[in-house]
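With chain C fixed as given, assemble chain W onto it according to the hints.
Read off the chains here:
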Amino acid sequence: MNTSGINGDGQLKNWGIAWRWLKRDLTAGELTVMALALIIAIAAMSSVGFFTDRVRQALVQEADQLLAADLVVNADRQIPPAFLEEAQRRSLHIGGIATFPSMARGGERAQLVTVKAVSASYPLRGSVKLSRDGDEVTVAGGPKAGEAWADARLYDALDLKPGAGIKVGDKSFVLAGIVAREPDGAMDIYNFIPRLLINDTDLPATRLIQPGSRVRYRLLLAGEHNAVDSMRLWLKANLQRGQRIEDVKEARPEVKISLERAERFLRLSALVSVFLAAAAIALAARRYVERHLDSVALLRTLGMTQRGIINLFIRQYALLALVSVTAGLSIGWCAQFALANALSGMFDTVLPPAGPLPALAGAGIGLTLLFGFCLPPLLRLRNVSPLRVLRRDATPQGNAPLAFALGAATLAGLIVWQAGDAKLAGLALGGLLGTVGSAALVAWSLIFALPRLPLPASVGWRFGLRNVSRRRGLSVAQIVALSLGFMALMLLTVVRGDLLGAWDKSVPADAPNRFIINIQPEQRADIAKAFTEAQLPAPTFAPMVRARLTSINGRTMAPESLDDEKARRLVEREFNLSWGESLRADNKLVAGRVLADTEPGWSVEEGIAKTLHIQVGDKLTYDIAGTPYTAPVLSLRKVDWDSFRVNFFVVGNRALLENQPASYVTSFHLPEAHSAFASSLTHSFVNLTVIDVSAILKEVRGILGKALSAVEVVFIFSVLAGLAVLYAATLATHDERKQEAAILRTLGASSKTVRQAASAELLLIGGLSGLLAAGAALGIGAVAAQQLFNLPASMSWWLPLVGAVAGAGAARLAAAPLLSRVLATPPLRALR
Amino acid sequence: MEIVTPQAAAILQADSLTKQVAFDHETLTILDDVSFKLPVASTLAIVGASGSGKSTLLGLLAGLDTPTRGCVTLAGQRLDGLDEDGLARLRAENVGFVFQSFQLLGALTALDNVALPLELIGRSDARRVAESLLARVGLGGRLLHRPRELSGGEQQRVALARAFATRPKLLFADEPTGNLDTQTGVRVVDLLFELNAEAATTLVLVTHDERLAARCACKLRLAAGRVLERAGL
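From first to last, the protein sequence lines stand for chains C and W. The first sequence lines up with residues 1 to 832 when you count with the working numbering. The second sequence lines up with residues 833 to 1065 when you count with the working numbering.
One chain only, chain C, in its complex shape:
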């Protein structure tokens, strides 16, 4: 009977042997390190994946609350019954809003209001908040029939109190609440007229809806994610003129920017765990192969072919992958539940369940990492000579370039896949290669320089430091892996903090929260005086000229000729043109030159230029009060929409617009305590309209806060993955260190000397890794700030020093249990 499990061709008979080997290796500790690294990696990545998937969905859902629904159709006519039928067929929740301007009468006064008639189901997402005794109270649904809710501006304007009557059209209502926030209120901030919410069952009684009335209808839809998506597709195919889908990402640039940044932060955090996993597995794989050289040599003497060896280990790896993926995904799944549970209060909505994709991605990443980093060392096993059973020097050399190339290709592939964004992928790849390259270069230089440097007199310290250059390959591998691990952790801590700080600063606490529009030129001085008297800084006024874009390069702009819906809307509506300062501080020139007072020309915001395919040199014609004005585009600008200051898509030069009829606009920060100033201003200057944008500022800050918390949670997992790297790095030298300590003690070294030797080596490797990691993290952070997040780079210059100390400390601490164990074991036992 052939007991070796090898057939006549030196091939393995079946999977059974691979399984038995795997079990034996696991119990004997042979594969435990790698399995552990893989399980931690998969658990970390999948929990990050599951959780970010849920958080992402929740963020989108919260953002959807700006729409009060998952999907909104905006129409200038009544919503066709076919839309409602289709939504019903898909079991979606349906709601409706009709808005129109009307005069509201209360007491002896009248005020233009925007009437918002809402269905009983309104809002489908989020909730209305009413002001009661200075507090915001969340209420379910909208006003009851016969009741109306108005915002504070209407109460001020009509000098009414809750409980008073108000008449709209032919119908009287009781004012039952002061609206503090509507879930979809932020979407309508330019609807600066005071708002009145009524129940849509009261709408016919007002008799205000007549043919030709300026009514805007909104169909609100919400429901299961897939149903909403398919409904969106159906609607896109069936929309008619005057109907469009409202999308939160398109509606408000500030919200769009915040959402995109939140998503990028989360993706970047998830990518970090990929880096960490790779470093841990690469170290573990190296040790695994080292420990198998002897047994493979024995198998070769028993007649196993090189192919047989590869087969055996591939099968073992496949089984290992199965076990690790199952265990890793299970742990990841449980961990994300615990996370979601801990964070349930953070979201207004319940976190939606994670989709299957993160599980597949986790398994895919696990498999790719395992095989990407284990195949080159495996090829080394293939080349083990049977002679090794007699001569230990018959050890095949590893193919370092192949291992590096395959490892790098694997990571590159994973990064491109995970990043889902060319810029992010480019940054991650550049960061990875830069870190690995510079860490390897510095490590080799150190190994070369160390024996030539004056070393400490103490034998322990000297021995340890020399060990770094003696264990060349291993030292380089450890420094590279630890640098990568520390860099990832630093990116997630300090650099992330810098980025979030810069982000937070981009919407400063004193960002303007009020806009005043409709200021007449002659009122500017008086308004500025009113500000000064109220001890507020005098505002800067920007002129605003109403105009319509009629042609580009002589080509008439007909909305129906444009394919892009966004471009069509831009051409349909009136533009507000401005002139003044040649280039404002929160604007950046991206093409062309600054406008001159005398040379006619336009400066266009780059986003709108892209939508309308406008380039520097194009001639734009605007119709201003019936007269066409043509001038070339002299520059394209990047506008910092985060600044909440007055900004314009198109600015003309002074000579072109100075004599046109203009009103003025300004923005300013009104502290809470001075909120009455806005009302007093509108009382003194009745034509002025003051728009309160503090609600939208709150929304933006809310999204930022949630993204921050989500990233912090993701960070915990990356720390665990980082610990895995540290553990793997310690284990990489475990056997060697154990034997070394035993020999040193046999030769009479004191425990202090043994500790010093280990400390010197670990402190140097850890400290250098920390230093390199800090440099890499700062570099990546600076590029990320500028390229990805469009934020100024703010550097924590203290990071290299702290990184070096923390890296040294972490590496030494990680080895402490092993060292104590070795020192507590009698040398003879360790040597055996």
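What the hints contain is simulated information worked out from the structure, not anything from laboratory work. Don't take each hint at face value.
As the list claims (entries may be wrong) - Derived lysine to aspartate or glutamate pairs resembling DMTMM-like cross-links, with alpha carbons at most 20 Å apart:
# : chain 1 : residue 1 : chain 2 : residue 2
1 : C       : K752      : W       : D917
2 : C       : K610      : C       : D597
3 : C       : K752      : W       : E925
Unchecked claim - From the derived model, a few chain W residues whose C-beta atoms are all more than 12 Å from chain C:
# : residue
4 : C903
5 : A997
6 : Q1015
7 : E1030
8 : D1041
Claimed, not checked - Not the full set, but computed from the structure, chain C residues with beta-carbon under 8 Å of chain W:
#  : residue
9  : N467
10 : S680
11 : I743
12 : R745
13 : G748
14 : A749
15 : R755
16 : P826
17 : P827
Glycine is no exception: its CB is placed at the ideal position from the N, C-alpha and C atoms.
Okay, now just chain W, sitting in the frame of chain C:
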């Protein structure tokens, strides 16, 4: 620390040494009540079949392991009164080792391996002494080779050079030829005895090779952990 009286002045003394190991619910006695005194500059061979307790005895005598009962006195010092660092200091000053599996540090060159025990006791001439010792064992041309680049015989010669580097009072050798072919083994043993004679070191040798044992002045034969035969002691 207890200093033994001059009339009992042996370089090595074992008193009722017993070593027991617990396996599951069973206690296994590996060494049972072994006692002897070894005079300065003599040579002792500990012989016996595999599993008779030879290497365990050597480990206890050298202070590399602790007995369950009994006491070892080495160079006038009782080992049971010393902590791990005290034992290490005693070894550094008095003891050299040669192992069956050489126990060289793989990351160190031959020169570094031999210089190591000298550096541990703070000798500033460590490398010079190591160089001359390596030349003495015939490896003057392999100073910068690492253990994996040397044959078994060469590695054992490096180990011999390391063992004699500090001119120890006592040298413990555990099956020094166990991993070598006969011819190489003979050469290594010849070298061991030559160096031993030059340095007037007391040699304690564990072996199952009767011819090698015959070259020693004293002999202790173990069987199942007990002393079966003693000669010259």
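Do the numbers back the hint for G748(C), that is, is its least Cβ distance to chain W under 8 Å?
-> Status holds, d = 2 Å.
For E1030(W), which was marked as not at the interface, is the minimum beta-carbon distance to chain C over 12 Å?
-> About 21 Å separates E1030(W) from the closest Cβ of chain C, which puts it past 12 Å; holds.
Assertion that D1041(W) lies outside the chain C interface [Cβ separation over 12 Å] = holds (21 Å)
Hint check, P827(C) versus chain W [nearest Cβ-Cβ separation less than 8 Å] | holds (5 Å)
Interface hint outcome for P826(C) [beta carbon to chain W under 8 Å] | The hint holds - P826(C) has a Cβ within 8 Å of chain W, the shortest such distance being about 4 Å.
Would you mind confirming whether the straight-line C-alpha gap from K752(C) to E925(W) stays at or under 20 Å?
-> holds (17 Å)
For the pair we were handed, K752(C) and D917(W), check the Cα-Cα distance against 20 Å.
-> holds (8 Å)
Cut-off 8 Å, beta-carbon criterion: hint that A749(C) touches chain W = holds (5 Å)
Going by Cβ atoms only, is N467(C) closer than 8 Å to chain W?
-> Because about 6 Å separates N467(C) from the closest Cβ in chain W, which is inside the 8 Å limit, the hint holds.
Evaluate the condition: distance from the CB of C903(W) to the nearest CB of chain C exceeds 12 Å.
-> holds (16 Å)
Starting from K610(C), check that the Cα of D597(C) is at most 20 Å away, please.
-> violated (26 Å)
Chain W contact restraint for S680(C) - C-beta distance below 8 Å | Constraint on S680(C) not satisfied, violated at 82 Å.
In summary, the structure is inconsistent with hints 2, 5, 10 and 15 from the numbered list given earlier, while agreeing with the others.
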